[in-house]
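Sequence order for the protein chains is A, B, C and D. In terms of this note's numbering, the first sequence has 575 at position 272, counting the first letter as 1, and numbering is strictly consecutive. In terms of this note's numbering, the second sequence has 515 at position 212, counting the first letter as 1, and numbering is strictly consecutive. In terms of this note's numbering, the third sequence has 564 at position 261, counting the first letter as 1, and numbering is strictly consecutive. In terms of this note's numbering, the fourth sequence has 558 at position 255, counting the first letter as 1, and numbering is strictly consecutive.
Since the hints were derived computationally from the structure, they do not count as laboratory data. Even glycine gets a Cβ: it sits at the ideal position worked out from N, Cα and C. Hints may be right or wrong, so weigh each one.
[Claimed, not checked] Examples of chain D residues lying across from chain B (beta carbon under 7 Å, computed):
(1) Y375
(2) R434
(3) A437
(4) V557
(5) N560
(6) S567
One-letter residues, chain by chain:
Protein chains: 4
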Amino acid sequence: MKLGFIGFGPQAKENIIPCCQLISGVEIAGICEKDAHRRRQAQERFRLDCGYSDYRQMIDDLHPDAVIAACYPDDHYEIARFCLDRSIPVFVEKPPAPSSRHLEELITLARRKRTTTGVGMNFRFAAVSTRLKALASGQLSSISLRHYCNKPTDPFWNYASTLRSFLHAQTIHSLDFLIDLCGPVDELAVFGGDEASVIDMTVMVTFANGQHASLITANTSPHFVFDFDAVCSDGRHISSSALWHMGVTEVGKVYANEEEKRWSEHWAPSPLDSGYQRSGYAGQMAEFLAAVEEGRESRISFASVAETYRCLDQIESQVAGRRYIPKPAMHSLTREAV
Amino acid sequence: MKLGFIGFGPQAKENIIPCCQLISGVEIAGICEKDAHRRRQAQERFRLDCGYSDYRQMIDDLHPDAVIAACYPDDHYEIARFCLDRSIPVFVEKPPAPSSRHLEELITLARRKRTTTGVGMNFRFAAVSTRLKALASGQLSSISLRHYCNKPTDPFWNYASTLRSFLHAQTIHSLDFLIDLCGPVDELAVFGGDEASVIDMTVMVTFANGQHASLITANTSPHFVFDFDAVCSDGRHISSSALWHMGVTEVGKVYANEEEKRWSEHWAPSPLDSGYQRSGYAGQMAEFLAAVEEGRESRISFASVAETYRCLDQIESQVAGRRYIPKPAMHSLTREAV
Amino acid sequence: MKLGFIGFGPQAKENIIPCCQLISGVEIAGICEKDAHRRRQAQERFRLDCGYSDYRQMIDDLHPDAVIAACYPDDHYEIARFCLDRSIPVFVEKPPAPSSRHLEELITLARRKRTTTGVGMNFRFAAVSTRLKALASGQLSSISLRHYCNKPTDPFWNYASTLRSFLHAQTIHSLDFLIDLCGPVDELAVFGGDEASVIDMTVMVTFANGQHASLITANTSPHFVFDFDAVCSDGRHISSSALWHMGVTEVGKVYANEEEKRWSEHWAPSPLDSGYQRSGYAGQMAEFLAAVEEGRESRISFASVAETYRCLDQIESQVAGRRYIPKPAMHSLTREAV
Amino acid sequence: MKLGFIGFGPQAKENIIPCCQLISGVEIAGICEKDAHRRRQAQERFRLDCGYSDYRQMIDDLHPDAVIAACYPDDHYEIARFCLDRSIPVFVEKPPAPSSRHLEELITLARRKRTTTGVGMNFRFAAVSTRLKALASGQLSSISLRHYCNKPTDPFWNYASTLRSFLHAQTIHSLDFLIDLCGPVDELAVFGGDEASVIDMTVMVTFANGQHASLITANTSPHFVFDFDAVCSDGRHISSSALWHMGVTEVGKVYANEEEKRWSEHWAPSPLDSGYQRSGYAGQMAEFLAAVEEGRESRISFASVAETYRCLDQIESQVAGRRYIPKPAMHSLTREAV
């Protein structure tokens, strides 16, 4: 399968392209990159005859079986439109589009063209996500997810606000992880918010199936943190830390030394575990390329992130709404409800 | 100081009385216990001449300098009234009273009698709580607290509902811990709730000072869990697990190997740490007895838990309110706010 | 049971006496302490009519059922002799005597007088020790124990050398833990040793039953560390850290998610665990006092640490021997054996 | 750079080849594999025109700039000889040769031909190894390394014994890690050994520079474990677990909350860390290919593992020697030394 890549930044270089290289039959046909230095890097590393700075030309020249882009959100939107117009399967890093409106347009186009699409939602495929789904199956009651990071603290990716930059760069992952686990969202309430460059908020998500989640997120933490605790109604408690550790413990189960209390089962990958399975990058690329090959919609299609975008919008509007109102409407009403 | 104890159940036997024994000058003058077997146990263990089954008689006989009770909430209320009427300092295990109304009555009485009171809020004095307060000082933005346990799943302590049993047995601790840290509560919203014997809820707390907290709690977990993550606006992240581990990490700090990223500082007590400092029981009893000696109000007075009770009532009424309403008022209004 | 205590230093105050107070029927009849300030402290804390500075007088006055001493090793020896001469059961903190010769004398005397003795070997009773014995039962192949601490770095307790101070203050615990687990020692070889005030050595212990252990110990580590990994011949691996965590994993066992690999079972005490069970102090005092009551030899009798002393002597003589020999005899011979 | 690969088993497929693909300018010119199914797999995955089953033919056809082999030890020896005879740089997975004699021959040949060689000693390049070297620099006193695994339990790779299979498959890594850290070995003593298919031994290593190490290893543990504790003479203690966590703590350092005791600094890679840096595979391939390009000896040359082989032989002979001697010579001499 001939692949054309657009963008040779760190994410493409370290995760997306290496994962594609691990998949059988993949040919890195061309890499398009506007920056001359990076373009030369890409050419040398993959011994490509020719480097492109215009993706349109690359696509016209190479006729790739699929296009894979890791750029800015507005580029993603344009590239996706260009590819879908030509019925070329396209995968874009997150965020796939700068707004819900743009995303909806792409979803409609992809449906009309019956063309495979994909978005870089690697957390859905992380080793701990797969295990969580199996272990919580049908019994999940609630989940608390801590997603801390240290950026953005300024607007980037051509977004007008730090808040939207944060939502589309960070929250998109944790929210999508929750929606992938629990399904469509019924209600959403934001606590905390942003102040100057500091974002610190808890998003309470109630799902249509009755489950609820607390998404606790901030841009003030030195490292990337992605930890969760899931509570099952049958007395199973599943926790995870850093996509690396998992713990499971059950009411009434008999553990080592014939004891029931204070024991749990823990999982961790091998010290020698390398590659991209654990972080979900391998699974995400494998799913997209398999979908291209089988001519079907991928599990990470543009359509599959519509609900995530809808919720990101809700968060943004709740926070933005609160920013100008001394006492938020929601809260004073809450008080009456009490 | 002559102490009269009421109730010789596990909490008195394993935590309250041993902590008092560690304090200089304390005399275990008498132990009152209705159960004949336990009464004999108490007499033998402390080589007491006489065992009491009626606390009134014990108090009249021994004229203790303070009374310490670990019974049921309605007993606590009665005992406290009896002691306060006689201006005898009194400490009761949590919950100090079966309802806010009862508690208010005791607070008024204690004020009128200018008598020292105390409640068993040991988490305020836990080793990790003390460190959290020092480390987050003035900069706390939000805190997420996971408080999981496996009981109650049925009404107990003469309460009419499992929910109130759970709130007064478990949530009282975690909520009080948050209020002790952040001060008076401005708003409170409950997500999830109870269904049959399963309680699984997240309580979002907004404090008057603008900080917010997520209290994530359930009765479905095999073990007692008490873990938190605190986010500071200056880029400090403080986490803790099991009242045993603490982690602190700061944006921009230079750690070992001259690195800034992916390092943090961790604290754990000595393997040989024993006694009651870590869990806060020692601190709680020391504070009460010091207050008695100095004739002052204790930091764990009945009045000091009034805000906690007010919030427990709010949680109860929100959950109870939702139980009969298909779509909760708060939520539909939230939607409008969006 | 009337107990007379000798020495009111931190170990007596924080661990030994509190553990005794928790045991039914124990009376703290008297505390002897040479230091006037500490003696007053002890008197006040336990409301004792009279404070003793001479243990002989205290014993003659009070006729205690047992004597419990936490002083210096040469005091322990003298006190034990005094008590055993009078057939009074006696417990001493470790080390029970300043040398093997002194210990042997005490063992002989105790046998002749058929009097109960005890030594403060709390690690034998730690929560993880008990579980290790149950889990490794009959299948232990080897154990690696890391025992790090930060003192002594100078001679203390009237010992002539830092090395013996270290061996009798620290190594006595870890070596006794291993001997309690594996039985009599066949061979012992020391690697590393002492240089100036730094002690850093690995003691290889081969037991009569064929098991072997590596005891890795140093006085250069900021904290007290007591971690182990035990390997069983049936494919069970048991690890422990800080007397607080335990991990067990077995070849071929099916864990959560129907997986065999990379899972293990973990144990940790409750966050609220307090008191002295976990560290073994409670078990040690309970065993001694039970033995006194039942008129039998205790499991922590003077005789029970004879093997430990013999091995401490071997370590000392190997290290001391090497200190003056450029190329240690053992090693050059080892080379020939190869 | 044109690379010819020999062997397309899991190690080549999952680690060696992907790491090479990540390096700039690398061309996977050909893959030789005897097994027809795997050969087809390799051809498809890398879209190679032609699959080779004879490495001689591949090398003659393609004239690769370097050859990279991941086969059996006797294959490695033959391939290396073939390549070195033709002055073609060659990298082989460990073990590079079935015996020290074979390895010496290759070292001599490589020197004579002035040709770059490499061996797959990835642990030298692991993220924790690099940090350990920086942190312990010049102050290391001793290190304890636990290296547990679950195979081999039978002879493999054409070796005659399980012991040598284990030494050349597993111990080679941990021993090489220690020698890379501490330099040439002065003395070596083995405790424990093999019995039926169970190997459980502790190898005490004394280095020429006076440092010592305990290598604790067994084939009875369900998972791969690679944990260490390093003690520095200046009061720094460095620990690591699973090539994933690192802890550093220092005597006298002031940590968070202005405390000196019970704190340490911890390192862990990002949850999203993927690729081969952490496990050292990336560093190993980068070093070899850089050495090829620069026409110099690599840091992982055949010569660089000579000391490791010498020590593996010593271990084998000590264990084998003991197998027939009821009471090992070394031990009885040790006793006299005492």
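Could you work out which earlier hints the structure fails to respect and list their numbers in ascending sequence? When the structure is compared with the hints, numbers 1 and 4 turn out to be violated.
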